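Student: Model the placement of chain B on the given structure of chain V, informed by the hints.
Chains as they are written, first to last, in numbering that gives the first Met the number 0: chain V, 0 to 155; chain B, 0 to 153.
By construction, these hints were calculated from the structure, which means they are not laboratory data.
Note that the structure is a prediction, hence the values are computed from the model and not measured.
Ideal placement from N, C-alpha and C gives every residue a C-beta, glycine not left out.
Mixed in with the good hints there might be a few duds.
Said to hold, decoys possible - Computed, partial: chain V to chain B, Cβ under 7 Å: (1) 2; (2) 5; (3) 6; (4) 8; (5) 10; (6) 95; (7) 114; (8) 121; (9) 154.
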Amino acid sequence: MSLPQEVASSYQTLVESGNIRYVSLPAAAVGIAAISDAGGTNAWDWSAYVQIAAAAAIADPSWLCGILFHTGVVETHYGELGIAIGAGGVEVDLAEIPFVMGIPSAVGVAVALPTWLAHPIKINGTPRLAVRIRKDTAASLAGGTLKLILAEAIGA
Amino acid sequence: MSLPQEVASSYQALVESGNIRYVTVPGAAVGIQAVSDGAAAAWAWAAYVEIVAAGIITDPSWLCGISYHTGIGPCYGELGIASGALAAEVDLAIIPFVIDIPTAVGIAVALPSWLPYPIKLTGSPRLSVTIRKDTGAGVEGGTLTLILGEAIGA
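This is chain B alone, in the form it adopts within the complex:
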């Protein structure tokens, strides 16, 4: 991309940003069960769980944020959000989290967490997630929804 094109694209993303749209993945669903696999030791990565198959998301899209909720078992951990085919996943973002299970007062509003620097995804790749946590082998984790941006810089 030429310098004038880069400047124009930056301007579109920062200022003249009327074309940008946000979508949730998966849409119309509670989310993906991003939980450990019952086999991984403390702080060992679990197997990847597919969020969306290849060829589904808009090309290009930007990973802008996540919503993570509906915990199973209290734990402290990290999410690895990846692109790539099965067994060839590459982590794009490793994000820490705390999952707690209230016993008396329920849960309150949980709004998404946003990345300060969205990550561009080209070629509508398969997306998946892995987790690791401080507890021993178990199926702790939560339910994950991604927020993707479209038309950034356009």
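Bound conformation, chain V alone:
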């Protein structure tokens, strides 16, 4: 891309940004159960990847902009999410994000809003998306429910 094109694209992203759109993934669903695998992982071992979206499902290009992680299961724990692209068995982590998951023991409502990446990561070619977790507790099915926020038309 030429220098004038890069300047114009940066301007579109920062100022003339009327074309940008955000979508949630998976749409119209609570989210993907991003939980550890029961028997295989010790404390802070990465679990197996869980698919978020199959290849060719997202717009090309898209940008990974944020996540929402909620609906914890099994136990209170501290952990990290590894959000990846790539086919099964050859995933590459794009972002490792720490989290705290608590399991309230009495009735109530706790608001959980998304967390946003300071620099969105461009995703080309509509790859498969997957997630894995590691945590401070021993082998268990602990984890939560994950949604991604993707942006489209950045710089357009």
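Tutor: Below, chain B alone, put in the same frame as chain V:
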């Protein structure tokens, strides 16, 4: 850096940003005990606690966000996240926080807080943290994890 290089780098960071990666520091750990030292008076800075030694993080990296949790004692305070050798620390970011200790219903999801303007760290410096708070001398504080970005602008 020349103007064309600056424009190209801005474009890479804003739009063509496929190379950017995020890592947590410390990795595979609950976090650093960023607590007061038991000696500091209300709103006096505590001693720095090392997060990571020099020569460990990628050069360059960008300080992009924090996760702060696992509180000890309720307090209102500020975190000072610094780079530099022992006794020569320079604060990069002073970030306010509230730590509460639930007594009945436990804690809920705590996701990171992100800086709108990431701070570039060159030369893989030592990183450390200090806190100050509204309570008197005590060991209140919490557990800190940093989120660093890599390959921004590349």
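Student: Run every hint past the structure and note whether it holds.
Tutor: So, going through the hints one by one against the coordinates:
{"no.": "1", "hint": "2", "in the structure": "holds (5 Å)"}
{"no.": "2", "hint": "5", "in the structure": "holds (4 Å)"}
{"no.": "3", "hint": "6", "in the structure": "holds (6 Å)"}
{"no.": "4", "hint": "8", "in the structure": "holds (5 Å)"}
{"no.": "5", "hint": "10", "in the structure": "violated (10 Å)"}
{"no.": "6", "hint": "95", "in the structure": "holds (5 Å)"}
{"no.": "7", "hint": "114", "in the structure": "holds (4 Å)"}
{"no.": "8", "hint": "121", "in the structure": "holds (4 Å)"}
{"no.": "9", "hint": "154", "in the structure": "holds (4 Å)"}
When the structure is compared with the earlier hints, a violation turns up for hint 5 alone.
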